[in-house]
Amino acid sequence: MSEHDDFQKMSGPLRMLMEEIHGKLERQGLEAPPSERQGACGRCGGRGYVVAREGAVAVASLCGCDRRCRLCNGKGLTLQTVDGYQFARACECQTLPQRVAAFNAAQLPSRFAEKTFDDFYVHGDDPRELVTAKREMMHFADTARPGHSRLGKGLLGKPGTGKTHLLSAALARMTLGRGISCRYIEISFLFADLKAAISDPRARATVDKIDALAEVDVLAIDELGKGRGSVFEEEVLDELIGRRYNSGKLTLFATNYAREAPDRPVSRDAKPELSSLSLRGRVGERVFSRLHEMVEFLDLPVATRDRRLPPTFG
Numbered sequence: 001m002s003e004h005d006d007f008q009k010m011s012g013p014l015r016m017l018m019e020e021i022h023g024k025l026e027r028q029g030l031e032a033p034p035s036e037r038q039g040a041c042g043r044c045g046g047r048g049y050v051v052a053r054e055g056a057v058a059v060a061s062l063c064g065c066d067r068r069c070r071l072c073n074g075k076g077l078t079l080q081t082v083d084g085y086q087f088a089r090a091c092e093c094q095t096l097p098q099r100v101a102a103f104n105a106a107q108l109p110s111r112f113a114e115k116t117f118d119d120f121y122v123h124g125d126d127p128r129e130l131v132t133a134k135r136e137m138m139h140f141a142d143t144a145r146p147g148h149s150r151l152g153k154g155l156l157g158k159p160g161t162g163k164t165h166l167l168s169a170a171l172a173r174m175t176l177g178r179g180i181s182c183r184y185i186e187i188s189f190l191f192a193d194l195k196a197a198i199s200d201p202r203a204r205a206t207v208d209k210i211d212a213l214a215e216v217d218v219l220a221i222d223e224l225g226k227g228r229g230s231v232f233e234e235e236v237l238d239e240l241i242g243r244r245y246n247s248g249k250l251t252l253f254a255t256n257y258a259r260e261a262p263d264r265p266v267s268r269d270a271k272p273e274l275s276s277l278s279l280r281g282r283v284g285e286r287v288f289s290r291l292h293e294m295v296e297f298l299d300l301p302v303a304t305r306d307r308r309l310p311p312t313f314g
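Going by UniProt numbering, the first residue of the sequence shown is number 1, and it counts up by one from there.
To be clear, the hints were calculated from the coordinates, so they are not data collected in a lab.
Do not take every clue at face value.
Stated by the list, open to error - In the DSS-like style, the derived pairs of lysine-lysine whose C-alpha atoms are separated by at most 25 Å in a straight line are: (1) Lys226 / Lys195; (2) Lys195 / Lys209; (3) Lys226 / Lys134; (4) Lys226 / Lys249; (5) Lys249 / Lys209; (6) Lys209 / Lys226; (7) Lys134 / Lys209.
Said to hold, decoys possible - Now the in silico label distances, taken between C-beta atoms and shown as ranges: (8) Ala303 / Arg135: 16 to 24 Å; (9) Asp119 / Leu71: 23 to 31 Å; (10) Arg89 / Asp193: 35 to 43 Å; (11) Asn246 / Phe297: 19 to 27 Å.
Each residue gets a CB set at the ideal place from its N, CA and C atoms; glycine is no exception.
Sequences and hints are given; from them, build the entire structure.
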């Protein structure tokens, strides 16, 4: 037998071995070889999807590129070893359409369409509480398990400290990365939508909307405490938080209000005639009490810089 024949016999097993080694390296988070990186789609960067702004919300869509998954090498299956035995399981690339659909159902604000944890920059002079908030939100996005995890996260701080950025980054990672059912709402917009639905003969839409928000696996409520403080708003918030509290659903929130009344307002829309400048006063005792059992509070100090303003401002 010639050396050429010997090489031909070995080439198949060697190729399979190299593919297996490459797959293990990829699963450990190491970079793909330069040849594969250079061949990534210029539109989606090899992710298989693109995110864009569409009106008021962020929308993801599948890329039309001929993408070859580096985890399964296009086979659609990966090998998993459990107790010394290998099992074939569907590769994560096979769930991409479902993950894209989960992102779109979350209805993230279009301004934050491409916001991630990577571009949430923390500088050396930022308070350590901001570093902690980013770390805790990342950990939640990567590890929270609906039906098993107990606590969500609550971000409290003045306007411009990056709270909505962190909420959006968390939901994007949970939907596009893990396929978890999530939903983002800005509380004052929810109140307005529900009022409009009530005035419509088809008021069933109001009930349906509350049902959907009460049942979604992860709900992110932005601008908690904002509103007119009407009886209607109090009842809506009480029902929404109460139902999620009773069913053990994971909840995130962001607010411009401190837990207790500060020496001066931390919210630009706060008005003296509105009962209180604290989150406790804005949402009521029952909701405030339940939130303490539902989330871990992450307080950002008043000294936290406004990320919307240039560094030299003021």
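Evaluated hints:
Restraint check for Lys226 and Lys195: satisfied, since their Cα atoms lie roughly 16 Å apart, inside the 25 Å limit. Note on Lys195 and Lys209: the hinted pairing holds, with a Cα-Cα distance of about 12 Å set against a maximum of 25 Å. Distance hint between Lys226 and Lys134 is fulfilled; the C-alpha atoms sit about 23 Å from each other, no more than 25 Å. A distance of roughly 22 Å separates the Cα atoms of Lys226 and Lys249; the hinted pair therefore holds under the 25 Å criterion.
Restraint check for Lys249 and Lys209: satisfied, since their Cα atoms lie roughly 16 Å apart, inside the 25 Å limit. The hinted pair formed by Lys209 and Lys226 meets the criterion: a straight-line CA distance of about 19 Å does not exceed 25 Å. At most 25 Å may separate the alpha-carbon atoms for a hinted pair to count; Lys134 and Lys209 exceed this at roughly 30 Å. Between Ala303 and Arg135 the beta carbons are some 19 Å apart, a value that agrees with the proposed interval 16 to 24 Å.
Between Asp119 and Leu71 the Cβ separation comes to about 25 Å, which falls inside the hinted range of 23 to 31 Å. Arg89 and Asp193 have their C-beta atoms about 41 Å apart, which keeps the hinted 35 to 43 Å range intact. Checked against the hint of 19 to 27 Å, the pair Asn246 and Phe297 passes, with Cβ atoms roughly 21 Å apart.
Figure legend: structure checked against the earlier numbered hints; the only hint not met is number 7.
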